[in-house]
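Asks: Use the sequences and the hints to build the structure in full.
Here is how the chains run, residue by residue.
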Amino acid sequence: MSKIRVVHYINQFFAGIGGEEKADIKPEVREGVVGPGAALNAAFGGEAEIVATVICGDSYYNENLEDAKQEILEMVKKYEPNLFIAGPAFNAGRYGVACGSISKIVKEELNIPVATAMYIENPGADMYKKDLYIIETGNSAAAMRTAAPALAKLALKLAKGEEIGAPTVDGYIPRGVRKNVFLEERGSKRAVDMMLKKLKGEEFVTEYPMPDFDNVTPNPAVKDISKAKIALVTSGGIVPKGNPNHIESSSASKYGKYDIADFADLTEATHETAHGGYDPIYANADADRVLPVDVLRDMEKEGVIGELHRYFYTTVGNGTSVANSKGFAAKFAQELLADGVTAVILTST
Amino acid sequence: MHICTVVPISLTVGANRIVPAIAIPHPLGNPALEPAEEKKLRRKIVEKALRALSTEVDGQTVFEN
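First to last, the sequence lines map onto chains Z and A. Under this note's numbering, the first residue of the first sequence carries the number 1, and numbering increases by one thereafter. Under this note's numbering, the first residue of the second sequence carries the number 1, and numbering increases by one thereafter.
In case anyone wonders, no lab produced these hints; they're calculated from the structure. Mixed in with the good hints, there may be bad ones.
To be verified - Here are the computed distance ranges between Cβ atoms for each label pair:
| # | chain 1 | residue 1 | chain 2 | residue 2 | range |
| --- | --- | --- | --- | --- | --- |
| 1 | A | Q60 | Z | M195 | 23 to 29 Å |
| 2 | A | P35 | Z | G340 | 43 to 49 Å |
| 3 | A | L11 | Z | S2 | 55 to 61 Å |
| 4 | A | T12 | Z | G93 | 27 to 33 Å |
As the list claims (entries may be wrong) - To be clear about the criterion: a stretch of chain A counts as covered by chain Z if any three or more of its residues have a C-beta under 8 Å from a C-beta of chain Z, and this derived list gives those stretches:
| # | segment |
| --- | --- |
| 5 | 1-13 |
| 6 | 19-29 |
| 7 | 48-60 |
Ideal Cβ placement from N, Cα and C applies to all residues, glycine included.
Replies: Here you go:
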């Protein structure tokens, strides 16, 4: 069998051209191995060979994204590779973004396997981990000794069409993919075993890690609540009767925005919940129990608050992904700001 | 601010002003009460929420009372 042909992408620094002062160099291609390619070639064990190395300055790539992508794509194409590898980029931010970006376009345009490697906090990791296999490395080039063999091994597997193991097995950054597998022991036993280990203070590995939540600096207090425009938002799935936009009862892919200007009270006849994760009878009988429109309307009349915003925003927070929720909020937060809303009360069931 | 029955979840997801609620299927109500009493209970929680919004905080804060 002939050797797997590999094109390797590196930046100006790893090519030995220079540091920051050379970060604006345009893409160029050299036959064979340059810099860290040697370590990859050694790790291929004769099964694959780097036939060409593309070098590009980190600043040039990021400042001329569209041109750089096209130029590099043409260079790569010419060598008819079976595999494309970029990096490792370690904790170099622009290099990591370039490695992710060029790997993604090569994968899409040339339809060949691609692999890259970087430190988990490299911004390129977050941007491309869902699209690519990214080997997790240490945060500096000192980690090359372990990064190159791991990257070469995964890349070979991809090129040979072998099955890729879990992130912990093959050393890549989790891509957010869940896979069904059969295990010897059933879930209840595994969960109890895990709990016992936890109680004893022993090491254990969760099967379902919590997503990463970001913390934000609290906003300043509302100075005068009697002048504030308050908006209601809920993850409790309150919708107009009949759920006109068909918000899903779990794993919601959308949110609703509904007018409550004419409502002083939500009733069984007008509103209900679309949420499939709690007993709906109480919310269906009186949706104010989740979305307190009645009370806020009273307070508006009494002058306790300035105004109840005429729209409320709603989704079903039942198995709904953090990414979807963030996406919803990013959109409607802009509308709330544009509508001059002072503060939001978010209710959750 | 976040009105939420399961305060540990609210803390995990990073809410900064948190007011505990009554129960998962009726965070701002209690079907065991007479309607007028129930609305009073709801009003208390909303008043607490407005108080939370009017209070400066320098990190995650649970408004218990």
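Asks: With respect to the beta-carbon atoms only, verify the hint that P35 of chain A and G340 of chain Z lie 43 to 49 Å apart.
Replies: Taking Cβ atoms as reference, P35 of chain A and G340 of chain Z lie about 34 Å apart, which means the hint is violated.
Asks: Three residues minimum, CB to CB under 8 Å: does the segment 19-29 of chain A make the cut for coverage by chain Z? Let me know.
Replies: holds (count 7)
Asks: In this structure, is the beta-carbon distance linking L11 of chain A and S2 of chain Z contained in 55 to 61 Å?
Replies: holds (58 Å)
Asks: Do at least three Cβ atoms from the segment 48-60 of chain A come closer than 8 Å to Cβ atoms of chain Z?
Replies: holds (count 10)
Asks: Using the Cβ atoms, figure out if T12 of chain A sits within 27 to 33 Å of G93 of chain Z.
Replies: For T12 of chain A and G93 of chain Z the Cβ distance comes to about 29 Å; the hint holds.
Asks: Per the hint of 23 to 29 Å, is the separation of the Cβ atoms of Q60 of chain A and M195 of chain Z within bounds?
Replies: holds (27 Å)
Asks: Taking a Cβ-Cβ distance under 8 Å as contact, does the segment 1-13 of chain A have three or more residues in contact with chain Z?
Replies: holds (count 10)
Hint check: a violation occurs at hint 2 only; the rest are consistent with the structure.
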